[in-house]
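Take a look at the letters that make up each chain.
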Amino acid sequence: MKDADSDSIEDRRTFLQKALPAPVALLSLLQGQDRKAESKEESEPAYNPAEHYYGMGIDPGLCIGCGRCAEACKAENDVPREPFYFRTWIERYVVQTSGETVVTSPDGGIAGFSPVAEADVLRTFFVPKLCNHCANAPCVQVCPVGATFITPDGVVLVDKDYCIGCRYCIQACPYGARFLHPVTLTAEKCTFCYHRLVKGLVPACVEVCPTQARIFGDLRQRRSPLHRFMRFNKIQVLKPHLNAEPKVFYANLDGEVK
Amino acid sequence: MPQQVTRLAVVFGILILALVLARSQLVPKTFGQAGHYRAAAVTEIAAAKIHYAGHEACAACHEDIAKTRSAGRHRNVACEVCHGPAADHVAAPTDVHPSAPKQRGRCPQCHGYDSARPTGFPQIDPVTHNPVRPCISCHQPHAPETPREPEACGACHGSIARTHAVSAHALIGCTRCHETDRRHKTTPLLIRPSKPASRAFCAGCHARDAGSPKEIPRVDVTTHGERYVCWQCHYPHFPEAK
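If you read the sequences in order, they're chains A and B.
Heads up: the first sequence is residues 1 to 258, going by the working numbering.
Heads up: the second sequence is residues 1001 to 1242, going by the working numbering.
Rather than coming from a laboratory, the hints here were simulated on the basis of the structure.
Because the structure is a prediction, the values reported are computed rather than measured.
A virtual CB, placed ideally from N, CA and C, is assigned to each residue, including glycine.
Mixed in with the good hints there might be a few duds.
[Stated by the list, open to error] Not close to chain B: a few residues of chain A, all C-beta gaps over 10 Å, as computed:
hint, residue
1, Arg68
2, Val198
3, Arg231
[Claimed, not checked] If the Cβ cut is set under 10 Å, some of the chain A residues that face chain B in the computed set are:
hint, residue
4, Pro138
5, Val140
6, Gly146
7, Leu185
8, Lys234
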């Protein structure tokens, strides 16, 4: 009796030992196959994200407020044409002699700006704005489903198929760089024209800027134009106290710019 | 083993299996591969269509225009700034043609006067600057030059000229204070006019012992604001003293 009992226990143990990991092993086998299939697809383009770390430099002293960047952004990325959806836009700051600062951005600056009354103006200038692609991005931290993320090359992207449209990221962005797409009802923002970067092109706004007020490049490569821009200018980022570590760098920025 | 423990173990086993199966079905395949996101999304975003081909693509066929442009003042203005997105034209050159803006409205988007634009950037007042005529009838857009040298300083420095014209200094010509090389008219940013470098220049009229007409305001230049050149405090184009 005793022998038979211990045998059956032994059998049950070996059965469980063999049977329990089987579905797990099966699953991992299936996933492994998927992984292999995808890595084959990914290896085709020569682009390696680990070799890059992107940022943008902006010199407001060169910006003429022509709005070509905002226009090119809308055309390149099929951004809705309504005057309140922007991935990049231009603001005009008018610091008045009274000390008050008036910031305007009619239609993001695409159609230009109406003239300012010169009598009360202490100084006035344009500032282009866009997503700052923060290294410590608040929008990524608050996303409840992992639909927004930072790629290895330092670009903050939104997975529109996975976004649930909860708008947390839009609230969390300190730079107002996100909006809810009116048709897909998912969060939208600047991608640094990621589809252009992987093909070796610069973002559309940088391509069309007629005065080179926007500089794009690799933060880690010394030979990139951005590296030179950072060496030869006094650099400031927007809202540095928030510790979001933004990667859009402004040269000689006025203290009124928020 | 007691019966209730066995049953509970079976129920737990089924639940765990159901969880593992549901996870494998519901969580996207590539989720978590590179981080807390769907790795395939990066590939999908990277596959988006390009609309702006880039100026290198234009230069590959339009060599002559690219050469003209590279020597002119618009050398850093990409083709698609004026002609619009041209990736479709690159893909099918004979079927799709980019626009060529010939209307007068387009150039002032950059060259219309706005005080927020940086000093020295060429700007005109679209209302008064040769009204009605399209810009390209005088200016070659690929390598723009001013058709003739500007006669008066006010052609470019309109804001200063308007202020100066109603000031007490209205009768003093610009070149009396600014030594201006002739080349400033053709290369305004490279060759710059001078500004009075010393207090002695203004003292020529405004010192107590200057031989100028009596109605001109006088100061003691040896004691009055001695650490500054006069124009660092007084705006000479519209002096406040009467």
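Outcome of the hint check:
Taking the minimum C-beta to C-beta distance to chain B, about 5 Å, the non-interface status of Arg68 of chain A is violated against the 10 Å cut. Distance check on Val198 of chain A: its Cβ comes as close as 4 Å (rounded) to a Cβ of chain B, failing to clear the 10 Å threshold; non-interface status is violated. With a minimum CB-CB distance of about 20 Å to chain B, Arg231 of chain A clears the 10 Å threshold, and the non-interface call stands. This hint is violated: Pro138 of chain A has a C-beta 15 Å from the nearest C-beta of chain B, more than the 10 Å allowed.
At its closest, the beta carbon of Val140 of chain A sits 9 Å from a beta carbon of chain B; the interface hint therefore holds under the 10 Å criterion. For Gly146 of chain A, the suggested interface contact is upheld, since its CB lies about 4 Å from the closest CB of chain B, less than 10 Å. Annotation: Leu185 of chain A was flagged as interfacial toward chain B, and the flag is violated, the nearest CB pair being 17 Å apart, outside 10 Å. The beta carbon of Lys234 of chain A is not positioned within 10 Å of any beta carbon in chain B (closest approach about 17 Å), and the interface hint is therefore violated.
The structure is inconsistent with the numbered hints 1, 2, 4, 7 and 8, although it conforms to all the rest.
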